[in-house]
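Take the sequence shown: its position 221, counting from 1, is numbered 221 in full-length UniProt numbering, and each next residue is one higher.
Derived by calculation from the structure, the hints in this document are not laboratory data. Remember, predicted model here, so these are calculated numbers, not experimental data. Since no wrong hints were added, every one of them can be taken at face value.
Capping the alpha-carbon separation at 16 Å, the derived lysine to aspartate or glutamate pairs in EDC-like fashion look like this:
#1 K256 / D223
#2 K45 / D61
#3 K344 / D327
#4 K326 / D286
#5 K50 / E9
#6 K2 / E21
#7 K292 / E321
#8 K319 / D104
#9 K238 / E249
#10 K140 / D130
#11 K326 / E264
#12 K50 / D60
#13 K238 / E198
#14 K256 / E321
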Amino acid sequence: MKTHELEKELGISKHTIFYYEKEGIVTPQRDENGYRSYSQDDLQKLIMVKFLRNLNISIDDVKAILNNELDFKECLEINQIHLEKQIKSLEEVQENIEMYVRKDLPMLPALQQIQREAKNYKLGYQKTTDTVSLGRRLTKKLALRKFLYKIPAAITQSFIMWICAASFFDENLEKTTALIIIFVLLMILFINIFVATEFQFSQIWLKMPLDQTMNQSVEFLSDGIRYYQFHGYLNNLKYYYGVLFNKAEKYMQSYKYEDIQSVELILNHRYESYGTPIARDWYVLDYRFEFKDGNHFYFYWPFTIDDDARFIGMILDEKVENVIDKDHVIEALKNGIHLNDYMKKTED
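Turn these sequences into a full structure, and let the hints guide you.
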């Protein structure tokens with residue numbers, strides 16, 4: 001059997017056949033013209049080699065199996081262990097790729113230092129998007145949840161005013177209908193007021209500072225930032241409904257990293273009481289963004305979740321030309337060190 005016939009029979013290239021010949025698996029004879037001539041035994045060996053190589057068995061193990069120096073089943077079991085490790089490694093690579101795609105991160109050398117870390121938070125502090133952000137971007141899901149939060153308070157306020165209005169009506173069908181309409185209109189009015197002012201009914205009972213930043217957020221993307229800045233109650237109401245009807249971009253600002261004039265990290269020592277007489281002290285950051293077109297944005301004490309603080313520190317350090325950081329806290333951000341621990345170490 002000639003080389004070209006063997007190629008056609010096995011579906012492998014002549015270079016692969018010559019490689020197996022070089023490894024000593026087959027030893028073809030030569031005819032009077034010097035052309036290789038393969039025997040039926042060579043064909044059967046190459047069929048077996050192709051089968052074993054398709055199982056991802058190394059060429060050295062293939063030769064050992066053909067020479068009866070290695071048990072086929074034992075080889076498969078060993079190979080299975082290696083493959084499981086490779087699959088696990090590839091799954092980790094895939095998870096990292098998916099994470100970077102979802103987060104829309106810029107290319108940074110420091111990214112290799114980040115170990116993915118996701119934590120379970122209470123409902124009020126869960127992330128709404130996968131992107132790296134200060135605060136939480138208002139999404140349709142979050143907007144609907146906030147709407148539900150506001151219904152009990154709106155009902156309470158509407159009922160009080162409805163009782164007052166009811167005292168002016170006699171009890172008859174037409175006026176009862178009018179009272180129902182008044183009650184519904186009052187509910188709609190109060191829900192919109194609470195949306196505009198970002199009133200949280202849960203704050204009264206849970207005594208937790210949920211979403212006190214008027215829906216503000218800053219997202220750090222691959223090519224720049226995108227943010228919503230509070231510009232008044234009416235604007236906040238428009239933004240809320242813009243999110244519900246997929247028109248949020250109309251109320252958001254976007255800047256390329258090169259269009260950022262400066263970002264100032266402002267360290268503050270603040271005290272918070274979570275429904276107890278004892279206040280806890282925290283070192284927290286405010287952020288001041290200045291843009292080359294004259295716009296600016298001050299973000300008061302935005303919270304960050306998971307590893308976002310580390311990503312933000314790296315992005316600011318790599319992508320923003322002028323980072324004003326008089327307390328040198330960007331190193332704490334980049335290394336995932338809590339500001340309280342960092343400042344204590346600095347003071348010591």
